[in-house]
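Number of protein chains: 2
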Amino acid sequence: MPITTREVQLAARPHGVPTPDDFRTVELQRPDPAPGEVVVQNLAMSVDPYMRGRMNAGPSYAPAWEIGETMQGGAVGRVTASRSDRVPEGALVLSNAAWRDVAVLADSAVSVLPEADDVPVTWHLGVLGMPGLTAWAGLMRLADFRAGDDVFVSGAAGAVGSLVGQFARLSGAGSVVGSAGTPEKVRWLTDELGFTAAFDYHDGPVADLLAAAVPGGIDVFFDNVGGDHLEAALGAFREQGRAALCGAISGYNAVEPPPGPRNMFLVVGKRLSLRGFIVGDHADLRPQFRERVTGWLRSGELTARETVREGLDAAVPAFLDLLGGANTGKMVVTL
Amino acid sequence: MPITTREVQLAARPHGVPTPDDFRTVELQRPDPAPGEVVVQNLAMSVDPYMRGRMNAGPSYAPAWEIGETMQGGAVGRVTASRSDRVPEGALVLSNAAWRDVAVLADSAVSVLPEADDVPVTWHLGVLGMPGLTAWAGLMRLADFRAGDDVFVSGAAGAVGSLVGQFARLSGAGSVVGSAGTPEKVRWLTDELGFTAAFDYHDGPVADLLAAAVPGGIDVFFDNVGGDHLEAALGAFREQGRAALCGAISGYNAVEPPPGPRNMFLVVGKRLSLRGFIVGDHADLRPQFRERVTGWLRSGELTARETVREGLDAAVPAFLDLLGGANTGKMVVTL
Chain L
1 MPITTREVQL AARPHGVPTP DDFRTVELQR PDPAPGEVVV QNLAMSVDPY MRGRMNAGPS
61 YAPAWEIGET MQGGAVGRVT ASRSDRVPEG ALVLSNAAWR DVAVLADSAV SVLPEADDVP
121 VTWHLGVLGM PGLTAWAGLM RLADFRAGDD VFVSGAAGAV GSLVGQFARL SGAGSVVGSA
181 GTPEKVRWLT DELGFTAAFD YHDGPVADLL AAAVPGGIDV FFDNVGGDHL EAALGAFREQ
241 GRAALCGAIS GYNAVEPPPG PRNMFLVVGK RLSLRGFIVG DHADLRPQFR ERVTGWLRSG
301 ELTARETVRE GLDAAVPAFL DLLGGANTGK MVVTL
Chain B
1 MPITTREVQL AARPHGVPTP DDFRTVELQR PDPAPGEVVV QNLAMSVDPY MRGRMNAGPS
61 YAPAWEIGET MQGGAVGRVT ASRSDRVPEG ALVLSNAAWR DVAVLADSAV SVLPEADDVP
121 VTWHLGVLGM PGLTAWAGLM RLADFRAGDD VFVSGAAGAV GSLVGQFARL SGAGSVVGSA
181 GTPEKVRWLT DELGFTAAFD YHDGPVADLL AAAVPGGIDV FFDNVGGDHL EAALGAFREQ
241 GRAALCGAIS GYNAVEPPPG PRNMFLVVGK RLSLRGFIVG DHADLRPQFR ERVTGWLRSG
301 ELTARETVRE GLDAAVPAFL DLLGGANTGK MVVTL
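Chains as they are written, first to last, in full-length UniProt numbering: chain L, 1 to 335; chain B, 1 to 335.
You may find that some hints are simply not true.
[Stated by the list, open to error] Residues of chain B clear of chain L, computed beta-carbon distances all greater than 10 Å:
no.: 1; residue: Ile3
no.: 2; residue: Arg13
no.: 3; residue: Ala57
no.: 4; residue: Ile67
no.: 5; residue: Val119
no.: 6; residue: His202
no.: 7; residue: Glu231
no.: 8; residue: Asn263
no.: 9; residue: Lys270
no.: 10; residue: Leu274
no.: 11; residue: Asp281
no.: 12; residue: Asp284
no.: 13; residue: Leu323
[Claimed, not checked] In silico contact screen, one side only, chain B against chain L (beta carbon under 10 Å); selected entries:
no.: 14; residue: Val267
no.: 15; residue: Arg271
no.: 16; residue: Pro317
What the hints contain is simulated information worked out from the structure, not anything from laboratory work.
Owing to the predicted nature of the structure, the values given are computational and were not obtained by experimental measurement.
Beta carbons: idealized from backbone N, C-alpha and C, even for Gly.
Given the sequences, and given the hints that come with them, work out the whole structure.
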């Protein structure tokens, strides 16, 4: 008996800001599972900034999505039927089969997740998942964080940024400064997450706002935004400063490349290190990351806020709102 | 009996391209050496691109020169009188007391150099000195060079660049590509130094010239130029590419900051590493560097070309010509 599922497909490659017309939702019949396959009823899916890159032709962080094919991304689901020896019916699993209600997958394409009453399933898409490990790897490995460092995080109210700032605080940072796009987010960073300072990047040149927030300069920069945030950080760096470049959302919808930082010469004089990365290269850090972060979550020292939308039809609006900065913390869609 | 010396001083801070009026040459009386001091008759002095930064107010790689004071830089000289237990009369020494004929210095301010018939004294200012160690440290440590890497060097006919390319070739690079500013330099790189390819950056957009020279892309970039060269390298990098950022001579005389690279987002997607450095942080590499480079010089595998000017009055024109790209290899002034 074939399996009926609704799936969201890429309908067109956007030029600039994506619109709902760039997507279409279809109802499909998928065949019953073959030996070694499982049927997964998705419970929640992730929308992430990097997905914007996959809408374009040509490689980005990950291969381009094809027009007319169902899109992909992190999803948590329950196995409702299994022809696998390894993944039993009833298991909670993580897969890359987002943007659909039901998926039929090889058992090698899913990871069985531990279940705990105090761990919401959506955390596997956020604080305990890809965004969490991204924050950890970028701060600890790429930026070589050391206790006492003064840290600047751009896009600090996002899924990754909000964790970077808290990881830094909990690991002995000097000061932790974040940028965000609304006064509410700025207040959340300082009042709830324990950032030392934060600013709304609409309030003036980022370089000026950053200098006012940390007059003594910074040692570490974790960049989710690019553009003027990167230029400001280069100016604010002390000698031997270290940047983990994680994303550049300021340019994701740009039709023309945004201007580059005019002060790259400071990289030489200040002996700076700028390192781009993608989380997939740093899976070896996962055990250390999970142990530390689970401890902080259980002790209540770490806040894992989510912006939750409901239903597959909410996924495209959620993604478009994410690119517009509507989320605070991790944006997820429950299915 | 006081010591008479001629010295070149900073007369004014240039706005843009320096002119001879920004310097003045004076005759001074210096007191006889005190206990622990030596008198050094300079034999040769260095002019280097980094000196342009020291003409400006505010810190650059090194502290700004003061107006009305004698400038500094690498110099090799002979001790003509000594009141030091450590540095005898007759010793060949390296000091930071360039831009003058005679210097009276604390013995702690000079390093005694080995003498060998087959080592011209000027090599201590070039291939065996600061530019040589800069090339070595940048390539081997900052860019983490590995045999098989395809390497791009900007400003490849300069003191540092010409060594970077040769060090890479002698260490097993795949291809070595250099940029330079004249057809003669380009020919020298390929015909004499063994570069795989080279181009004159006046011949078109650097990105196009680089892509034509290494269609498969590069693993390592050693940058002496900045600006469009850096942008081109970011475009040409393969994944996990590594850049050592040593200088940005394209901007040294700029009144307005030059445009930044518009493709910094590639640092994330390609997981690139960009590291600025100054040679003083890497003195621990000196023994390894000297051993390897001396061997290559003795075997004739390494070419250490110099552009030599004569006399203190030639020092300012030599420096201005250096900033204009008149040198091939290391520019030195014999005294």
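Verification of the supplied hints:
1. Ile3: holds (36 Å)
2. Arg13: holds (17 Å)
3. Ala57: Holds: least Cβ distance 14 Å, greater than 10 Å.
4. Ile67: holds (21 Å)
5. Val119: holds (30 Å)
6. His202: The assertion about B:His202 holds, with a minimum of 22 Å to chain L.
7. Glu231: B:Glu231 not clear of chain L: closest Cβ-Cβ about 7 Å, inside 10 Å.
8. Asn263: Violated, since 6 Å does not exceed 10 Å.
9. Lys270: violated (7 Å)
10. Leu274: violated (4 Å)
11. Asp281: violated (7 Å)
12. Asp284: holds (15 Å)
13. Leu323: holds (15 Å)
14. Val267: Result: holds, 4 Å to nearest chain L Cβ.
15. Arg271: holds (5 Å)
16. Pro317: violated (26 Å)
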